[in-house]
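Protein chains: 2
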Amino acid sequence: MRIWTAALAVIGDEILSGRTQDRNVAQIAAWLNVQGIRLVEVRIVGDQTAAIVEAVNDLRARNDYVFTTGGIGPTHDDITVDAIAAALGVPVVHHPQALAILERHYARRGEQLTEARKRMARVPEGAALIENRMSGAPGIRIGNIFVMAGVPHITAGMLDALTGTLEGGTPLISRTIGCWVAESEVADLLRSTEHDHAGVVIGSYPFFRDGTGGANFVVRATDAALVDTCLADLAARLVTAGYTPVDGGI
Amino acid sequence: MRIWTAALAVIGDEILSGRTQDRNVAQIAAWLNVQGIRLVEVRIVGDQTAAIVEAVNDLRARNDYVFTTGGIGPTHDDITVDAIAAALGVPVVHHPQALAILERHYARRGEQLTEARKRMARVPEGAALIENRMSGAPGIRIGNIFVMAGVPHITAGMLDALTGTLEGGTPLISRTIGCWVAESEVADLLRSTEHDHAGVVIGSYPFFRDGTGGANFVVRATDAALVDTCLADLAARLVTAGYTPVDGGI
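Taken in sequence, the protein lines are chains R and A.
The first sequence begins at 1 in UniProt numbering and counts up one residue at a time.
The second sequence begins at 1 in UniProt numbering and counts up one residue at a time.
Only chain R is shown next, with the shape it has when bound in the complex (with noise of 0.2 Å):
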């Protein structure tokens, strides 16, 4: 079975800095996993060119797609496009249908399409546009690199034209169970079940909620047979060995 992969380069100092909590890598993740593709490597690099060539040169190499998120605003730390156009070896270009999107934008308010707000119609060449009705500027396609906003409710609604428009596979099916025990109490048990069960996946995700401990232990597969099968073993097994698991997670 062909596994399509993505990775994602997030861009942005304020990342690094602490400043801003990033939202995209959970919404991109979700989004990506419903289409049949699975992100497997996340980079988070500064508003540097080197860093930004380097990364989205790796990740395009050994991936399906490439998604970057944030640099790609009017102003002169947004240098997402020119750092992907130099990692590809392309000029920088004015794109027509990007400058006619924003000519109506900014009529549209009033407002004229200055300079600064061209700066947003630039594509590295050969580029189409990703559409975004929140706020005008466009997202970029080019190749296998999707270059998104970093403003998250944008890059939804950049995610959201992309919506079937990538071929994938399989989604990776996941259903949780939970269960107030300290993981170290089943470690043996979840290895066991996870071994009995070839093509599945248990992950155990500890938590400290109400003053005392449990784990939610999420079960992965393409297949959701093998998914249901595996998750009622568990269940089972957990009721055995004396525990009270909740079907969806604690």
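Calculated from the structure, these hints are not laboratory results.
Please note: incorrect hints may appear among the correct ones.
Stated by the list, open to error - If you want a taste of the chain A side facing chain R, the calculated C-beta under 10 Å gives, among others:
#, residue
1, Arg23
2, Ala29
3, Ala30
4, Ile130
5, Asn144
6, Gly150
7, Pro206
Stated by the list, open to error - Straight-line alpha carbon distances no greater than 20 Å define the calculated DMTMM-like cross-link-like pairs of lysine to aspartate or glutamate that follow:
#, chain 1, residue 1, chain 2, residue 2
8, R, Lys118, A, Asp188
9, A, Lys118, A, Glu131
10, A, Lys118, R, Asp82
11, A, Lys118, A, Glu103
12, R, Lys118, R, Glu103
13, R, Lys118, R, Glu131
14, R, Lys118, A, Glu185
15, R, Lys118, R, Asp82
16, A, Lys118, A, Asp82
17, A, Lys118, R, Glu131
Ideal Cβ placement from N, Cα and C applies to all residues, glycine included.
Dock chain A against the given chain R, drawing on the hints supplied.
Below, chain A alone, put in the same frame as chain R:
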């Protein structure tokens, strides 16, 4: 001036699947800055030995410090220790002090140190421990690698134990002013202000709130006087251009 750099490898399928929102990048970034160390790259990889080995070996070669989060619990999917030992080419051993800590920890709760729990005392040979007051199982330091928990509040406790112990340089100082303005309107102003203040970097971070848009401008440098001078100049230029800057950001 010597700049001390760190990289972070976030390890866990749950981050790449979108199930869990990472909180460690932001907290480690903020903590490192106080230590005078700059977080320059993050990689998020899944629970696979090859991916962890590659990330750790890449990152440790080109940074002063490498942090990892995740994958140090007692269950079968916790493979970080083995992967780091593989990256360093050393065997995995049980650390006597870690065994003693775990024995005391479980004895206080009237419980046994089972084989599964002893897994949490496994370290790459030659490692030292990082104290964990939250849950017993310690973090690990080996060479320039710091192996931390995945659960954010446990990581926070480990960072606390490390505070002041790592050599660093001058922290990056940042100050923010905000403005109810589309960043495209002040793009030239920002660019020229940054250009006129060598050693200072200005970041522009747009937001949408209460139905309208604005941006925060973050001025960063290692010299506080440079930051203050640039910030005052930026505020003055914004006022001259007809805007009302808000000290501290919006």
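Hints versus structure:
Satisfaction of the interface hint for Arg23/A is found here, the shortest Cβ-Cβ separation to chain R being roughly 8 Å, below the 10 Å cut-off. The interface hint given for Ala29/A is met, as the beta carbon of that residue sits about 3 Å from the closest beta carbon of chain R, less than 10 Å. A cut of 10 Å between beta carbons decides the hint on Ala30/A: the least distance to chain R is about 4 Å, and the hint holds. Interface restraint check: Ile130/A against chain R, minimum CB-CB distance 18 Å, threshold 10 Å, status violated.
For Asn144/A, the suggested interface contact is broken, since its CB lies about 18 Å from the closest CB of chain R, more than 10 Å. With a cut of 10 Å, the hint placing Gly150/A at the interface with chain R holds, because the nearest CB-to-CB distance is about 8 Å. Nearest Cβ of chain R to the Cβ of Pro206/A: about 6 Å, under the 10 Å cut. The hint holds. Pair hint Lys118/R plus Asp188/A holds up; C-alpha atoms about 12 Å apart against a cutoff of 20 Å.
Taking the CA atoms of Lys118/A and Glu131/A, the gap is about 16 Å. The hint holds against a cut of 20 Å. At most 20 Å may separate the alpha-carbon atoms for a hinted pair to count; Lys118/A and Asp82/R exceed this at roughly 51 Å. For the proposed pair Lys118/A and Glu103/A, the alpha carbon gap of about 9 Å is at most 20 Å, so the pair holds. Under the criterion of a C-alpha separation no larger than 20 Å, the hint pairing Lys118/R with Glu103/R is consistent with the structure, at around 9 Å.
As the CA atoms of Lys118/R and Glu131/R are separated by approximately 16 Å, the hinted pair is consistent with the 20 Å bound. Restraint check for Lys118/R and Glu185/A: satisfied, since their Cα atoms lie roughly 12 Å apart, inside the 20 Å limit. With a C-alpha separation of about 14 Å, the suggested pair Lys118/R and Asp82/R falls inside the 20 Å cut-off, and the hint holds. Straight-line distance between C-alpha atoms of Lys118/A and Asp82/A comes to about 14 Å, which keeps the hinted pair within the 20 Å bound.
A threshold of 20 Å between alpha carbons decides the hint, and for Lys118/A with Glu131/R the separation of about 53 Å lies outside it, so the pair is violated.
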